[in-house]
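Student: Line order of the protein sequences matches chains A and B. To convert, note that position 268 of the first sequence is 268 in the numbering used here; the numbers rise steadily by one, no gaps. Take the position in the second sequence, starting the count at 1, then add 362; the result is the number in the numbering used here.
It is possible that some hints are incorrect.
With a straight-line cut-off of 16 Å between C-alpha atoms, the simulated EDC-like cross-links for lysine to aspartate or glutamate are [said to hold, decoys possible]:
1. K659(B) to E457(B)
2. K758(B) to E112(A)
3. K5(A) to E28(A)
4. K758(B) to E14(A)
Quick caveat, the hints were computed from the structure, so don't treat them as lab data.
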Amino acid sequence: MTDRKGVILCVDDEPHVLRALQWLLQREFEVHTASSAADGIKLLAAHDFDVVVSDQRMPGVTGVEFLHEVRKANPRAMRILLTGYSDLDAMVRSVNESEVYRFVTKPWDIRELPRLIGEAADIAKRTPVIAPTAEIAEATPAEAGPIGAVLPGAADLAPHRRPTMVAMRPDESILLIDDDAQVRHAVEAVLGDTVHVRCAANLAEAVQALDERPVSVVISDVRVGKVDVTRLIRLMKQKHPEVVSVVFSGVQDAQIVMDLINQGQVYRFIPKPFKPGFIRLVVDSAIRRHRQLAEMPEARVRFRVEKVADEAAESLRRDIELAAGQLVPAGAGPMGPVPAGSAPEGGLLSRVSGGLRRLFGG
Amino acid sequence: MAREQTGGVVSVTAMRLPGLAKREAAPARPDAASSTAHGPTQGQSFQLVRYFAFASLAAFALVASALALFETRQGDFFKSVQEREGAFFNATQAEFARKQEAASLRDLLSIHEAGNVNLTRLFANALWERDFAPFVARAASVPVDHCRAIADVEAPGGKKAAPPEKKACFAEAGRKIMALPGFREIDAKVLESMKKTSVFKIKVFDLRGVTVYSSEHAQIGEDKLSNAGWKKALAGTPASELTHRDKFSAFEGVVENRDLISSYLPVLGPGTDRIVGVFEVYSDVTPFLAQIKGTTKELAAAAQSNRDKVARVSAENQQRVEESGWLQIATLLAVLVVLFAVLFLIVRRADRLIRSQEADRDQAHQQLAQSEKMAALGQMVAGVAHQLNTPLAFSKSNVSLVIDRLGDFEKPVAVARKVSDLVKKAPDDRIVLDVARSRGQLESIEADPADVHAMKEMLGDVLKGVDQMAELVTHMRDFTRLDRARVSEFDLNEGLRSVVYLARSVIPNAVEVVEAYGPLPQIMCTPSQLNQIFLNLIINASQAIEGSGKITVSTREEGEFVRVDVADTGCGIPADIRERIFEPYFTTKPEGVGTGLGLNVARDIARAHGGEITVQSVPGEGATFSVLLPREAGAVARAA
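Generate coordinates for the entire structure from the input sequences, incorporating the hints supplied.
Tutor: Next up, the structure:
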C-alpha cells in the first residue's frame, strides 16, 4: 500500500457511484468508501486521509456540512466536493465554511479526477497544515452594526470588544475594487480607521495599484464595469499566491463561484448585499490568512489553482484597454486612490500594460 | 412558517393549463369549460358603457322633465300673478270710474238742488205771499179725504197701487182746484217766470200732500202723501232725485229724452221757519248729464285703454317669461346634454381603461401562470437532471474505465489466439513456443483475469444505471402523457406512482413519502392535468415540512367518488387562511417565490372534472388535501 499515492475517502449515498469511484481510483490510491456522512465521520477517526471526496446531495447531511466536519476533524485532508447540479447556496457555504480545494461536477472525467486527487494528495502530504482561521459567525456582524463609525482606532480598542481584529502592519494594505462608489465608501467607512484601504473604480486603477506596491488582500466585485474580474484574481493567485482574495457579487451564479474556487481559490465569497460589519470580520480573517501564507511560502500550494492560460493576461489587458474609454477615477477616499484620471490616456494605458507585464508576465 | 401554496408546480409538463389559457376563448376550445371557477367577469359580462348610457339617460331625462315641470309651473304662477294684478288694476279703475261718475252726479244733484232751493225761494218770495198763499188756503176747501179712503189694490208685481177710481177721485179734486178763482193768474205768472230757465215744471203741494198746482195741469189734484221726497221736504230738508224721462211734457210742449232733477223743496212762510207748503221743481240737466256722461265715457275709454295696455304688457311679460323659461329649459337641456356627453366620454374612456387593465391583468395572470409553469418545469428538470445524472455519472465512468481496460486485453487475446492457432495446426499434442522471440510481449501481459470479472461487474452496474434512467424516462412519459389521448380512461394509482417517483427527485431526502393505494376503478379524465394537481399537492406538502417528516399519498373508492388524500406532517394551515388558500394570487411564500396560482389552478382542474379539492388541517400537526373525483367524471371530462 505504501506505493500508492495517498489515502482517500469517498462519500456518496449512491452505492453504484462509490463502486465506480473505487474501480476508478483503487489502482492509484488506497480508497475507502462510506455511503453516508455518519459512516464517513467514523472512518475519519480510523484513518489519516489525504483527500476526502464527498457528494453534495446526500440524505440527512449535505456534502458541505460533511466537509465542514472534515475540516475540523482533519484539517490536513484536502476537500473535494462532488456535485450533481449547482446549488448556489451550498457552493457559497462550501467556499466560506469548508474551504474546499476543488469542485468536481458529475459526471467526472476518468483521467482528470484521478489526476486532481493525486495532486491534492501530494499537496496534503508535502505541505504543512495551516491552522483554520477563526470561523465567522453570520450573526456577529448584524450585532456589530457600523463598526467604523463607532470605533476610533485599532490602538485604542479593548481586545474583548474586537477580539478578531488584527492590527495592520505598515507593509500591509487592502485593495478594494468596485465600480459602485456607494459600496466603496461603505466598505471604507467600515475598514478605513484601522486598515490601509486603497480603492479602485476599475481594473486599470486596480492594476496600477497592484503594480505600485504589494497588497495583502484584494476585495472585489465579480464584475467591475463590464470587465470580468475573475481573470485578475486567477492571475493574482497563480503569480502571487500570498495575496488573499475576497469576492462579492450581486449576481447569483453557481458557475462563477465554481470558477473562483477552481481557478482563483478565493478565500471568501460574499453575496451582495452584505452587512458592513461582516466585511470587517472577513477582512480580518483574510489578513490572518495572508500572514500565514506570507510566512509559510511552502503552504501556498494548498491553494494552488488550475493553470491559467497565458492568453488570460493578454485578454485581460485588452478588456482593460477597451474599458479605458469609460474610465472613471475612484472618488478621493481618505487613503488616497490612484490618481488615474489625471494621467493622459496613452500614459495610462502604457502604465497598465507595464503593470500587467510586471505583475503577471513571464 | 405557514403552509405555503406551491405555485405552478402543478404544471410541470408542457400541458396546457385549463382555465388559464385564453379564458375568453371560443367555447369550442376544450379547455374553455374549465374556466368556471374564475371570477364572474366572463359570460354575462357587465357592459359599463351601455349600463351607464341607459341609466344616466334615464336619470338625465328625469332631471330634465323635473326642471321643465318646475319651469312651466313658474310660468303658470307668473301668469296667475299677472292675471290677479290685472284684475285688481281693472277693479280699481272701474271703482275709480264709478266713484268719479257718482261724485259728478252727486255734485250735479246738489248743485241743482241748491239752484232749485234758490229758485223756490225766489218763487216763494215772488208768488207765495200774494198769489199762492190765498190759493192754497182756498184749495184746502176742496176735500180729498174721501179719495184717500179708497183702498189701494194689489197691482201686478205685488205692489200696492191706487185703483183707477181713486185716481179719478183725485183728478176730480184737481179739476175743482183748477176751478178755484185765482188759478189762471197764478198759472200765467208761473209760466211767465219759468220762461228762459232750465225749470221744466213746477208743482206745489199743500200740507195735506195734495197737488194744488202743477205747470202740467193734468197732475193737479194728485196725492203725494206717501211720497218720500214730499215727506222729507215737509220735514224741512230738500230732497232731489235724478230721473230720466223718455217723454216729458213741459210747459212748452212734450220734450223727449230728458234728464231731469226733481227737487221737493219746503216753502217757509215769509219771515218764519214755518213750512207752509212744498214745491216740486223739475230742472233739465240733460246737457250737464251729457257732459258728465261724456267725461265718464272718456274715463272709461282711458280705463279701457289702460286695461288693454296692462293686458298687453302682462301678455308681453308672460310671453317674455315663458320665452325666458323655455330658453332656460333649452339652456339647461343643452347643459345636460353636454354633461351627459362629457360623462359618457369619461365613462367610455374609463371603460376602455378598465378593459385594457383587465386584459393586461388577464395577460399578466396568464404570464404569471406560464412563468410559474416554467419555473416549476425548471425545478422539475433540475430534479430529474440530478436524478439522471447519478446513473449517468457512474455509467460513464465505468464504461470509460472498461474501454481503457479493454486495451490491456488486446495483447493477451492476441497471444491466446496465436497459441490457439498453433494448437490447431499441431498434429500431435505438442506445440513449439519460441520464447526468446516473444518473451518481451509475453512478459508485458498485465491483464488480470480478475479484471474481466470486475469489468463484468462494471458493465452490470452500467446496465443498472441504464435501467434507472429508463425507469425515470418511463415515469416522465407517464407523467406528461404527451403521446396519449388527452382524455382517457385512467387509473389514478398508476399516475400517482409516476408523480411520487418524480416528486422524490425534488423533495428533500429527509421527507419520507408513503404510498397507500386502494383499488380504484378507471375513471374518464384528463390524466396529465390530474397528475399536475397531485404533483402540486405533494410538493406543497413537502414544503410544509421543515426538517424531516412524512407525506402519505393514499387513494380509495368512496361511493360515487374516488378520493386521493395527500397528508403531511408539516406545519399545517392556520384556520384564518384555510379558506383563502384556493384564491388566486393568495400565497404565504415570499414575493417572487410563489405566484399564489398553484392551488387555484389545481382547484380549477378538479372542478373541471366535476370534482373538488378540500383541505383539513391541525396547525402544527399537518394538513390533508383531498381530491374527490366522480367515478363518472367522463361526461364532464369529455365536455371539458
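Student: Next, verify each hint and record whether it holds.
Tutor: Cross-check of the supplied hints:
Proposed proximity of K659(B) and E457(B) is supported: the alpha carbons are some 14 Å apart, at most 16 Å. A threshold of 16 Å between alpha carbons decides the hint, and for K758(B) with E112(A) the separation of about 14 Å falls inside it, so the pair holds. Distance restraint check for K5(A) and E28(A): the Cα-Cα separation of roughly 6 Å lies within the 16 Å cut-off, and the hinted pair is therefore satisfied. For the given pair, K758(B) sits about 15 Å from E14(A) by alpha-carbon distance, which is consistent with the 16 Å threshold.
Hint compliance for this structure: every hint is met.
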